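Enquirer: Residues per chain, in single letters:
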Amino acid sequence: MPEPRPIADGLFRITPDGPRLLAARCDGCGKLHFPASESCPYCGGASCHEAALAGTGLLFLYTVVKSAPPGYRGPLPYGFGIVELPEGLRVVTRLTEPDAARLRRGQAMRLVVEPLFNDDDGTPVLSYAFAPGGSA
Amino acid sequence: MRPVYVAGTGLHPFGRFPDKSLTAIGADAVRAALVEAGVRRGGFQAAFCGCVYGGVASGHKVLTALGLSGVPTVNLEAGCASGGAALALGAAQIAAGVYDTVLVFGLEKMPRGMIRSSFFEPWREEAGLAATPGYFALRAQRLMFESDVTAQDLARVSVKNHLHGVHNPNAMYRKAITAEEVLASPLVCEPLRLLMLCSPNEGAAALVLSATPPAAAPAIRVAAVQLRSHLAGNVLGEHTPLSGIADDDVTPPTTMAAQAAYEQAAIGPDGMDVVELQDTDAAREILSAEELGLCPRGGGGKWVRDGGGEMRSRRPVNPSGGLLSKGEPLGASALGQVVELAWQLRGTCGPRQVPNARVGLAHTVGRGANACVAILTR
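In order, the protein sequence lines correspond to chains A and B.
Heads up, the first sequence is in my numbering, so the first residue is 64 and it goes up one at a time.
Heads up, the second sequence is in my numbering, so the first residue is -15 and it goes up one at a time.
Treat the hints with care, as some may be off.
Coverage of chain A stretches by chain B, computed from C-beta distances (three or more under 8 Å per stretch; other residues unrestricted) [claimed, not checked]: (1) 95 to 102; (2) 134 to 148; (3) 168 to 178.
Partial pick of chain A residues on the chain B-facing surface, computed with a CB cut under 10 Å [said to hold, decoys possible]: (4) P69; (5) C106; (6) S190.
Source of the hints: derived by calculation from the structure; they are not laboratory data.
This structure is a prediction, so every number in the text was calculated from the model and none was measured.
We put the beta carbon where it would ideally sit given N, CA and C, even for glycine.
Given only the sequences and the hints, what does the whole structure look like? Please build it.
Expert: Rendered as structure tokens:
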């Protein structure tokens, strides 16, 4: 079984306390952005440093995607939404719960990193999602 | 600055035309606009063409097909506002005195199904984070959570625009629908149903702009045209970022463009007689109305329930049927609105005519996020 790979570099890290999304905070204006880029989208500042975000948040918005968007390689249907993290950042994310009736605004969510699909050579590809539930 | 007049208009119907090339679709609209303006080869000094999915030199190919090449020709991509960007550049050239007559046009032949966009990184597509209707749905849900907009209000917008579209021979869908039909149509992405979403399709629109008013037709002026892009922050902005912040103080690009256009034309939202605005989904129409200042922020639900935008209201919105009826050919949609406004201001719209329309506003917003607002006056 090949070693899993992340769907993209620099999105998340597995820590002893569970997975964390990797944002960047601008040294100039102090604002957070995710995914991390070299310059700040708010002020153009070129000096940003990594900020691992909390692994929990509150569900801000949610829907369900039933037919595969272009290029999508995971299962259908899937939950799709926005989770607000304690740092004040709102993050677009896949949701593990594909039934909108089981989701509600403001509910506690936790970050998970899990295999979404396999590459053609069988390598599992890890992506991030949020699952209902406050603590891992 | 010199005034800018509409000297000619041309439109290729919006729909699906599997046997017709993109170039031929564009050529029909351009030819019609030139004939109406009485302009031939040598009669215009520059051309600006909006197109997103047409590939290299799509505008040049149209002019070549018509034997009109040779003039400076610029192809523009600004997402759903591509045609608006062409109008903004063309009008500015005339206002500044660079050229006396300019051709602006937009054309598109959209891929079928959910639209693939090179805007997204491949990993983001693989991860399911490039689901365009999903973003529309989240925006609709937010509107419903944060104001009193209901699913019935969304249905009412679809019913209105489809009713308007019945009278537009250039629209793709020309059948009136009921709120019950909208609410019973398949759920695409909660809370949006199939009949609350517009279809990508094909079409073209063209205008000849001139520094001098036309001799025969009523003088329609492009009194303002403003293009703006987004500010960072709104997680639901048309630039579809993967994160955002609390965005109450982040002005949306539509509002920025509208405020600048109202100032340029020296006419505010209350002075508009007819509006064509972005209704890629029913909730987008309500949000557009709020962002344009046609109703108070958070007052979109009441606006709909009070009959806002209906033909019998003081300021009809999307008398053409909107994108919900016409479908959306990205590069052409903005200029399609402007052509509709020119016809409304001339008073030639027949059963969909807004009585005594003298001031009209056109609005598009799309990926980038680019927003364009144009104001036409008679």
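Enquirer: Determine which of the earlier numbered hints do not hold for this structure and return their numbers in increasing order.
Expert: 3
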